[in-house]
Amino acid sequence: MVGFIILAAVMLAGGIGVVTFRQPVHAALSLVATLLALAVTYVTLQAHFLAAIQVIVYAGAIMVLFLFVIMLLNVEGQQPAPHLQWLPPLAYLTALLVAAGITVTAFVDRSPLPAADQVAALQGGSAEQVGTALFSHYVLAFQLVGVLLLTGIVGAVSLAQRGGGVRGERRLQESPAETELSHG
Amino acid sequence: MVPTPYYIALSALLMSIGAVGVLTRRSAIMVFLSVELMLNAANLAIVAFARQWSAKGVEAAMSGQAAVFIILAIAAAEVAVGLGILVAIFRNRVSTDVDELSEVRL
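Chain order of the listed sequences is W and R. For the first sequence, this note's numbering begins at 61 and goes up steadily by one. For the second sequence, this note's numbering begins at 2 and goes up steadily by one.
Only chain W is shown next, with the shape it has when bound in the complex (with noise of 0.2 Å):
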């Protein structure tokens, strides 16, 4: 319980880093000790292949991903005042009543579930039992994530080759100071 309380604790505290801090770069950081401590719950839950995968695919790649873009965009702190200034309050609001009401839920109801007596049929989550389900019952999403992989990195490069996609061409006939000017 002492382990899940100082898990909890650093997970609350990265995410409220992701949405209160200026700076996009350290936003990205705090989402990064979000997701570590994550991956640790994950062990804690018997997930022990999720756990790894957590850390090589979104701590490692996407994170990685994400602090290129920031530093490629070289995007700044800058937060203007908001358009409409009754959002935030309202949002932190709605946010809280929603946790509020899915926690009391997920406590005072707890009907269908059964007893989480045994969970030795978990068998510690690892890579054979994961992939067994994988590859028997769920072949097919299986494949069809293959699918939707290739059709992003198709769709990844197409959008980020340089003047690439109608939009980009139409607009550097309109005004090719502006687009050039973007260019860097």
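Do not rely on the hints blindly, as some may be mistaken.
[Claimed, not checked] Label-pair distances were calculated between CB atoms; the ranges are: (1) W:Phe64 / R:Val59: 17 to 27 Å; (2) R:Met2 / W:Phe128: 33 to 43 Å; (3) R:Leu102 / W:Ser218: 14 to 24 Å; (4) W:Val214 / R:Leu102: 22 to 32 Å; (5) W:Arg82 / R:Gly58: 42 to 52 Å.
Don't read these hints as lab results, they were simulated from the structure. Cβ atoms here follow ideal geometry from the backbone N, Cα and C, with glycine treated the same way.
Go by the hints and put chain R onto chain W.
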């Protein structure tokens, strides 16, 4: 063993923090980071439920973890496409302020 409702409560809190970020931040990158936070909150809930349902056997236990694995792959694809869109937007117009990107709006 920590009971499952504690994990669900933590997941709900993380999800709401991410929603606040999506609603209040104006830079598109920050909105994107908050969406990642929400995705991970959902994953935490799924893994916690997978442990709870492991009493029903290996099949039920592993379904949740396989689902989280697929969600991770989808998140990776989403980040690749989303960051590509961000770079393309930033190239056409120097700002990534989501309040100014309102051309799709009817």
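Here's how the hints hold up against the structure:
Against the hinted window of 17 to 27 Å, the Cβ-Cβ separation of W:Phe64 and R:Val59 comes to about 25 Å, which satisfies the hint. Between R:Met2 and W:Phe128 the CB atoms are about 40 Å apart, so this pair conforms to the stated range of 33 to 43 Å. The supplied range of 14 to 24 Å is met by R:Leu102 and W:Ser218, whose beta-carbon atoms lie about 20 Å from each other. Range check, W:Val214 to R:Leu102: Cβ separation about 24 Å, and the 22 to 32 Å hint holds.
Between W:Arg82 and R:Gly58 the beta carbon distance is about 49 Å. The supplied range of 42 to 52 Å therefore holds.
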